[in-house]
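2 protein chains.
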Amino acid sequence: MEFRYSEKVKQMKPSIIRELLKQMNDPSLISFAGGNPAAESFPIDAIRQFSDELLSQDPIGALQYSVTEGYPPLRQAVREYANREFPVVTAQDDLIITSGSQQIIEFMTKLLCNEGDVVAVEEPAFLGAYNSIRSFGAKLAGVPLQPDGVDLACLEQVFAQQKPKFFYCIPNFQNPTGYTTSLEKRKAIYELAVKYQVPILEDDPYGALRICGEALPPIKHFDTQGAVVYAGSFSKVLCPGMRLAFCAGDADLIGKMVVAKQGSDVHTNIWAQRVCERILTQIDLDRHFAYLQAIYREKAEYMMQQLDERLSGRIHYNKPQGGMFLWVTLPDSVDAAEFVQRCLQKKLAVVPGSAFYTTDVPCQSIRLNFSTPTKEQIAKGVEIMDSVLRELGA
Amino acid sequence: MEFRYSEKVKQMKPSIIRELLKQMNDPSLISFAGGNPAAESFPIDAIRQFSDELLSQDPIGALQYSVTEGYPPLRQAVREYANREFPVVTAQDDLIITSGSQQIIEFMTKLLCNEGDVVAVEEPAFLGAYNSIRSFGAKLAGVPLQPDGVDLACLEQVFAQQKPKFFYCIPNFQNPTGYTTSLEKRKAIYELAVKYQVPILEDDPYGALRICGEALPPIKHFDTQGAVVYAGSFSKVLCPGMRLAFCAGDADLIGKMVVAKQGSDVHTNIWAQRVCERILTQIDLDRHFAYLQAIYREKAEYMMQQLDERLSGRIHYNKPQGGMFLWVTLPDSVDAAEFVQRCLQKKLAVVPGSAFYTTDVPCQSIRLNFSTPTKEQIAKGVEIMDSVLRELGA
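Sequences listed follow chains A and B, in order. Residues in the first sequence are numbered from 1 upward in steps of one, following the numbering used here. Residues in the second sequence are numbered from 1 upward in steps of one, following the numbering used here.
Bound-form chain A, shown alone:
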């Protein structure tokens, strides 16, 4: 039978990164291409202990249907969690637990966008967000991202001329660049959002993965108008396999998100929600975060040290204050696509920067992930980059 697909399908593209990773069954391949958190950071013992306690104490509560907005004690624990460094979630805000934060981008788009509507995004930005937004027939307006945050003049121009339905951004350790939006730009972005009445979806999956510098308040911290929806995720601070995230903001919008979720997956896995609630309320989170940060700091610094030792003067990158990625710019003389191909032939996977743009543009950068590979793999991978650069005359 021939299926008569919707117009939306034409805009749906598989993530080239996930497609790339699927083909990587070769165990000798080193991947700087993924976005997996460091597995050694997962609180496995706590998950195992709390899960077992839960299944012995209240199995029905962990396994029966539950409410769409999320397990109430978890929602309360998440409010405190989100506010532990800066006040972010207010008493007026509502909060929903979601099945990962990709789902939040999807719901925001579904709730706000008709086909042809515009969503403003940092550029380059998280590919998964582009795909979610496009899957509803919405259009992307990319706003150039600078090392201290989005270009404000361009953002204002896009807000004024294209009236986007919302602006999606990752102010902390952005994917793919690792850039952190400055305090000044956070305030300026918020003011532009209010001036042009463009809501912000502030995605903060990496905020806890700080390796240096001082924490900055989220844009949501400044929000007095209900203009910002703040999204957090447990994928990087606990583990991604449980698919747990949350967002908080204007109660009417979150209420509509609950209805959208009813029609989508009814509720998020309640077993995982209840284990997460026990973790948030019963483990020493400060200690867990210090442990996490030490792992990420060691890996990031090791990768930067290897790059500096072997490739100094040929490549360029801005040192990130946290997260999982380095955004590395290759010499002008090197064809980036050719570089990526030759690395793959030598069994090193990196993601070409062009993958993170809204349009087909040439891009001299590549994204390197430091959280997944071991130190040995990092050293070996940088060695491969060195040899490929030499082959290409750089």
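To be clear, the hints were calculated from the coordinates, so they are not data collected in a lab. Any given hint might turn out to be false.
Which copy? The list can't say, so a pair holds if one copy fits it or any two copies do.
In silico SDA-like links for lysine to any residue, alpha-carbon gap of 20 Å or less [to be verified]:
| hint | residue 1 | residue 2 |
| --- | --- | --- |
| 1 | K163 | E2 |
| 2 | K195 | M1 |
| 3 | K13 | V67 |
| 4 | K139 | E7 |
| 5 | K187 | M1 |
| 6 | K13 | N114 |
| 7 | K139 | N114 |
| 8 | K13 | G255 |
| 9 | K346 | P27 |
| 10 | K346 | P73 |
| 11 | K139 | E115 |
| 12 | K10 | G255 |
| 13 | K375 | P14 |
| 14 | K13 | D94 |
| 15 | K13 | G142 |
| 16 | K10 | N114 |
Mind docking chain B on chain A? Use the hints.
Quick look at chain B alone, frame taken from chain A:
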């Protein structure tokens, strides 16, 4: 800030059943209104044992990111599971693991429907399906459901005149009616689907909950044209809190569903997927199903016995061959809305049948769930129904 919502939002309605249930914090309230599976049927010990083994043997595999289409050994185990009574999933079919089967209805609608497109549905039918379909701006064409399946003449008329993008049906122990589509109608529905090139989404969440009669082959069993997408769920046969379902069908369509899922929740909780895989491959499923069926049979028969003893001659219902629901028709002299309200005042919740229609129509039926209440609650609830009927002169 005023959000500029999409047109789709106007069609999104909260499930009145879920809203009703949320308000039921009163523990003295008896609910015949929910759709929760019998908690005593959950394989708690197996879940606890396999989860603990998994978290000790391969914690990273259970907690790291995974592939969108689902854990490969689970997909293989599900093929065998789906085919255990009749060949249903063929070698040519592809199969995806989803976060509950609501998500399958959502993806089918997203992939196939532009705003204004029509989806044919049984009427009355599962409210959650209506909400998913409407949330994309698609329209519902209800086809009257008879005790042996949908009215074929009406179905043909809808197929011919409205060219629906797909037809959604639950042939086994339908929600809300409990009706089972006959073998003859299954074949006839398939032939109409092929004749008019309308794909079928065959939802089979209750198939394993048979309490009497002989199993019939799913419509998908007859499919030689790739016209049927077969959806199954583990919510009723294992537990709903894990949010695990699957669908199988045309490889191109399922491939597009994988892309839609990437942009939605990336993948289904992998911990739950891996526990499910161990359950499917390591426990005695025949024994588990026999145990399940005994629980459902006992509760269904007890509710029917209570209804027959107390309300005989005043109400009417068709004895279901399985599932979780009785569809009870009240005397013509009784106002159904008034009946539901008075029951609620006496602390018995039932769902008015009108909730399951695509349009506002008067309906003399109510839906009773027998899987959630205890036998004591069933007896007490029927007693309340009796007293309300008497109050209303019936």
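Non-conforming hints, listed in increasing numerical order: Hints 10 and 13 are the ones this structure does not satisfy, whereas the remaining hints hold.
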